[in-house]
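K.L.:
Residue numbers are given in our numbering: position 143 of the sequence shown equals residue 143, and the series is strictly consecutive.
Worth flagging that the hints you see were computed from the coordinates, not collected in a lab.
Careful, some of the hints might be misleading.
Stated by the list, open to error - Restricting the straight-line Cα-Cα distance to at most 25 Å, the calculated cross-link-like pairs of lysine-lysine (DSS-like) are:
| hint | residue 1 | residue 2 |
| --- | --- | --- |
| 1 | Lys-131 | Lys-116 |
| 2 | Lys-79 | Lys-53 |
| 3 | Lys-79 | Lys-107 |
| 4 | Lys-53 | Lys-96 |
| 5 | Lys-57 | Lys-41 |
| 6 | Lys-131 | Lys-102 |
| 7 | Lys-96 | Lys-67 |
| 8 | Lys-79 | Lys-28 |
| 9 | Lys-116 | Lys-41 |
| 10 | Lys-115 | Lys-10 |
| 11 | Lys-115 | Lys-102 |
| 12 | Lys-116 | Lys-96 |
| 13 | Lys-67 | Lys-79 |
| 14 | Lys-106 | Lys-10 |
| 15 | Lys-131 | Lys-107 |
| 16 | Lys-38 | Lys-53 |
| 17 | Lys-96 | Lys-106 |
| 18 | Lys-68 | Lys-102 |
| 19 | Lys-116 | Lys-106 |
| 20 | Lys-38 | Lys-28 |
| 21 | Lys-96 | Lys-68 |
| 22 | Lys-107 | Lys-10 |
| 23 | Lys-28 | Lys-53 |
| 24 | Lys-67 | Lys-28 |
| 25 | Lys-102 | Lys-79 |
| 26 | Lys-57 | Lys-96 |
| 27 | Lys-57 | Lys-102 |
| 28 | Lys-79 | Lys-38 |
| 29 | Lys-79 | Lys-68 |
| 30 | Lys-115 | Lys-96 |
| 31 | Lys-41 | Lys-115 |
| 32 | Lys-28 | Lys-10 |
| 33 | Lys-107 | Lys-96 |
To be verified - Derived CB-CB ranges, DEER-like:
| hint | residue 1 | residue 2 | range |
| --- | --- | --- | --- |
| 34 | Glu-26 | Gln-114 | 24 to 34 Å |
| 35 | Glu-72 | Thr-103 | 40 to 50 Å |
| 36 | Arg-56 | Val-133 | 32 to 42 Å |
| 37 | Lys-10 | Glu-136 | 34 to 44 Å |
| 38 | Thr-140 | Pro-84 | 12 to 22 Å |
| 39 | Arg-148 | Gly-61 | 24 to 34 Å |
| 40 | Phe-81 | Ile-143 | 34 to 44 Å |
Bear in mind the structure is a predicted one, so any value in this text is a computation, not a measurement.
Each residue gets a CB set at the ideal place from its N, CA and C atoms; glycine is no exception.
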Amino acid sequence: MFVADVMLAKVARWLRILGIRVESPELKDDGEFIEYAKENKLILLTMDVELSKRARKQNVGIFLVPKKNLEEQLASILKEFSIPLGKFPSETICPKCNGELKTAEKKDVEGRVQKKTFEEVDSFWECRNCKHVFWEGSHTGRIRSAVRRIRDLME
């Protein structure tokens with residue numbers, strides 16, 4: 001659905017946490033981002049006014065993300081595209097690489113997470129692409145709090 005430029009790496013990660021696919025390719029210049037968005041039929045997310053103007057001239061879907069705090073940026077994107085806040089954190093999209101998450105057996109993550117985490121947590125997910133392991137930990141409460149604030153901003 002989206003491709004985010006380099007300035008929006010944190011926004012892209014958070015959109016993935018919320019279950020929204022966002023690509024973040026390592027491209028060298030604005031022209032490559034425009035071409036990538038066009039070829040892949042993706043909406044380009046940027047805070048760069050000049051990039052936005054260039055993309056519009058080439059009929060590329062573009063959303064100029066406001067220069068506000070992260071939660072306001074996320075709320076503006078979700079609102080603009082009428083994307084509901086569903087289940088979070090996403091158990092299907094890797095926040096790091098946009099890959100697909102799969103449920104991982106506890107025995108398969110032993111030695112790949114801290115010993116304390118392994119002992120205290122029973123449910124894990126692994127990215128099929130980058131192999132990173134995820135679990136619900138203390139960060140999950142912070143994510144839920146942020147999502148409540150984002151939801152409030154959307155109303």
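K.L.:
Are the hints correct? Go through all of them and say.
P.N.:
Consistency of the hints with the structure:
As the CA atoms of Lys-131 and Lys-116 are separated by approximately 20 Å, the hinted pair is consistent with the 25 Å bound. With a C-alpha separation of about 22 Å, the suggested pair Lys-79 and Lys-53 falls inside the 25 Å cut-off, and the hint holds. For the suggested pair Lys-79 and Lys-107, the alpha carbons sit about 41 Å apart, so the restraint of at most 25 Å is broken. Taken as a hint, the Lys-53 and Lys-96 pair is broken in the structure, with Cα atoms around 29 Å apart against an allowance of 25 Å.
With a CA separation close to 15 Å, the supplied pair Lys-57 and Lys-41 stays within the 25 Å bound. Taking the CA atoms of Lys-131 and Lys-102, the gap is near 10 Å; set against the 25 Å cutoff, the hint holds. Taking the CA atoms of Lys-96 and Lys-67, the gap is about 23 Å. The hint holds against a cut of 25 Å. Simply put, Lys-79 and Lys-28 have alpha-carbon atoms about 30 Å apart, too far for the 25 Å limit, and the pair is violated.
Taken as a hint, the Lys-116 and Lys-41 pair is broken in the structure, with Cα atoms around 44 Å apart against an allowance of 25 Å. About 28 Å separates the Cα atoms of Lys-115 and Lys-10, which puts this hinted pair outside 25 Å; it is violated. Taken as a hint, the Lys-115 and Lys-102 pair is honoured in the structure, with Cα atoms around 21 Å apart against an allowance of 25 Å. Between Lys-116 and Lys-96, the direct Cα distance comes to roughly 23 Å. Compliance with the 25 Å bound is thereby established for this hinted pair.
At most 25 Å may separate the alpha-carbon atoms for a hinted pair to count; Lys-67 and Lys-79 meet this at roughly 16 Å. Between Lys-106 and Lys-10, the direct Cα distance comes to roughly 29 Å. Violation of the 25 Å bound is thereby established for this hinted pair. Simply put, Lys-131 and Lys-107 have alpha-carbon atoms about 15 Å apart, close enough for the 25 Å limit, and the pair holds. About 14 Å separates the Cα atoms of Lys-38 and Lys-53, which keeps this hinted pair within 25 Å; it holds.
Of the supplied pair hints, the one linking Lys-96 and Lys-106 holds, its CA atoms being roughly 21 Å apart against a limit of 25 Å. Under the criterion of a C-alpha separation no larger than 25 Å, the hint pairing Lys-68 with Lys-102 is inconsistent with the structure, at around 34 Å. Among the hinted pairs, Lys-116 with Lys-106 is consistent with the structure: their alpha-carbon atoms are about 13 Å apart, no more than 25 Å. For the suggested pair Lys-38 and Lys-28, the alpha carbons sit about 16 Å apart, so the restraint of at most 25 Å is met.
A hinted pair counts as satisfied when its Cα atoms are at most 25 Å apart, and Lys-96 with Lys-68 qualifies at roughly 23 Å. About 31 Å separates the Cα atoms of Lys-107 and Lys-10, which puts this hinted pair outside 25 Å; it is violated. Note on Lys-28 and Lys-53: the hinted pairing holds, with a Cα-Cα distance of about 18 Å set against a maximum of 25 Å. A threshold of 25 Å between alpha carbons decides the hint, and for Lys-67 with Lys-28 the separation of about 22 Å falls inside it, so the pair holds.
A C-alpha spacing of about 29 Å is found between Lys-102 and Lys-79, which places the hinted pair above 25 Å, so the restraint is violated. Note on Lys-57 and Lys-96: the hinted pairing is violated, with a Cα-Cα distance of about 31 Å set against a maximum of 25 Å. Taken as a hint, the Lys-57 and Lys-102 pair is broken in the structure, with Cα atoms around 40 Å apart against an allowance of 25 Å. Between Lys-79 and Lys-38 the CA atoms are separated by roughly 23 Å; this keeps the pair inside 25 Å, and the hint holds.
The suggested pairing of Lys-79 with Lys-68 holds, with an alpha-carbon distance near 15 Å, which does not exceed 25 Å. Note on Lys-115 and Lys-96: the hinted pairing holds, with a Cα-Cα distance of about 22 Å set against a maximum of 25 Å. Proposed proximity of Lys-41 and Lys-115 is contradicted: the alpha carbons are some 43 Å apart, above 25 Å. A C-alpha spacing of about 19 Å is found between Lys-28 and Lys-10, which places the hinted pair at or below 25 Å, so the restraint holds.
Taken as a hint, the Lys-107 and Lys-96 pair is honoured in the structure, with Cα atoms around 23 Å apart against an allowance of 25 Å. Taking the beta carbon of each, Glu-26 and Gln-114 are about 29 Å apart, inside 24 to 34 Å as hinted. A C-beta distance of roughly 33 Å is found between Glu-72 and Thr-103, which places it outside the suggested range of 40 to 50 Å. Distance hint check: the CB atoms of Arg-56 and Val-133 are about 41 Å apart, consistent with the given range 32 to 42 Å.
Distance hint check: the CB atoms of Lys-10 and Glu-136 are about 21 Å apart, inconsistent with the given range 34 to 44 Å. Between Thr-140 and Pro-84 the Cβ separation comes to about 20 Å, which falls inside the hinted range of 12 to 22 Å. Under the hint 24 to 34 Å, the C-beta atoms of Arg-148 and Gly-61, about 29 Å apart, fit the expected range. Between Phe-81 and Ile-143 the C-beta distance comes to about 21 Å, which lies outside the given range of 34 to 44 Å.
Violated hints, listed in ascending order, are 3, 4, 8, 9, 10, 14, 18, 22, 25, 26, 27, 31, 35, 37 and 40; each of the other numbered hints is respected by the structure.
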